[in-house]
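Trainee: Based on the provided sequences and hints, a complete structural model is requested.
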Amino acid sequence: MRVRDVGTDLMVDDHPTLDRWVGIFNFAIAGFCVYIAYDNYRPGGEWRDMLLLLVMPFAGLIALLGLWRAVARPDTRLHVDGAQGVVSLVRRTVLHRTTSRWTAAEITGFARAQRPGRDGELVYRLRLDLADGTSLPAATLWNPDRIAIDTVIARAHVLLGK
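Going by my numbering, the sequence shown opens with residue 216, and the numbers climb by one from there.
Worth flagging that the hints you see were computed from the coordinates, not collected in a lab.
One or more hints might be untrue.
[Said to hold, decoys possible] So the derived label-pair ranges between C-beta atoms look like this:
| id | residue 1 | residue 2 | range |
| --- | --- | --- | --- |
| 1 | VAL218 | LEU268 | 47 to 57 Å |
| 2 | LEU268 | LEU233 | 30 to 40 Å |
| 3 | ILE239 | ARG219 | 24 to 34 Å |
| 4 | ALA363 | GLY222 | 32 to 42 Å |
| 5 | ALA319 | ASP228 | 19 to 29 Å |
| 6 | ARG217 | ALA319 | 16 to 26 Å |
| 7 | ARG217 | PRO258 | 45 to 55 Å |
| 8 | ILE251 | LEU280 | 13 to 23 Å |
| 9 | ARG219 | LEU280 | 49 to 59 Å |
| 10 | VAL270 | VAL218 | 43 to 53 Å |
| 11 | VAL305 | ASN255 | 40 to 50 Å |
| 12 | LEU268 | GLN329 | 41 to 51 Å |
| 13 | LEU280 | ALA319 | 17 to 27 Å |
All C-beta atoms, glycine included, are put in the ideal place defined by N, C-alpha and C.
Mentor: In structure tokens form, the structure reads like this:
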């Protein structure tokens with residue numbers, strides 16, 4: 216999570232670059248395994264051929280999941296404009312872009328979402344609470360640094376007058 220605080224503007228960018236590279240790596244390796252298994256398959260009923268037939272669907276599934284992970288994981292950009300009292304949230308994937316804008320009156324506030332991480336410690340993510348009761352994640356990645364999230368929340372509340 217990259218935070219830029221410039222006067223009356225607060226911008227939070229969240230780019231899951233490592234997740235994308237892991238997805239591309241999984242796609243390449245598993246896709247190559249499918250290609251090798253398909254290229255070496257010779258129908259004849261030997262154990263080797265049966266093993267190749269069993270490997271191909273699982274490697275193909277891993278390749279498709281890796282491709283999905285690389286393509287569908289969104290970049291998130293949150294822009295809090297304190298001068299105009301507007302918050303915009305842009306979610307962009309390789310194939311799709313969604314832009315949402317709200318005025319300060321439509322926003323209840325920002326909050327910190329939490330869940331247990333891999334090591335059992337809590338991880339946090341920035342959350343946007345709207346007046347209609349909707350809660351939206353304002354960041355893609357979970358962050359173990361609670362103080363950084365709380366700092367962004369406090370600054371956004373100051374800019375919006377909350």
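Trainee: State for each hint whether it applies.
Mentor: Each hint tested on the structure:
1. VAL218 - LEU268: 47 to 57 Å: Between VAL218 and LEU268, where Cβ atoms are some 51 Å apart, the hint holds.
2. LEU268 - LEU233: 30 to 40 Å: Given a distance of about 34 Å, which is inside 30 to 40 Å, the answer is holds.
3. ILE239 - ARG219: 24 to 34 Å: 28 Å, holds
4. ALA363 - GLY222: 32 to 42 Å: 20 Å, violated
5. ALA319 - ASP228: 19 to 29 Å: At roughly 21 Å between Cβ atoms, ASP228 and ALA319 fall inside 19 to 29 Å, so the hint holds.
6. ARG217 - ALA319: 16 to 26 Å: Because 24 Å falls inside the window, the suggested range holds.
7. ARG217 - PRO258: 45 to 55 Å: 54 Å, holds
8. ILE251 - LEU280: 13 to 23 Å: Given about 19 Å between the Cβ atoms, the range holds.
9. ARG219 - LEU280: 49 to 59 Å: 33 Å, violated
10. VAL270 - VAL218: 43 to 53 Å: Distance hint for VAL270, VAL218 holds at roughly 45 Å.
11. VAL305 - ASN255: 40 to 50 Å: 46 Å, holds
12. LEU268 - GLN329: 41 to 51 Å: Given about 45 Å between the Cβ atoms, the range holds.
13. LEU280 - ALA319: 17 to 27 Å: 40 Å, violated
Hint compliance for this structure: hints 4, 9 and 13 are broken, all remaining hints hold.
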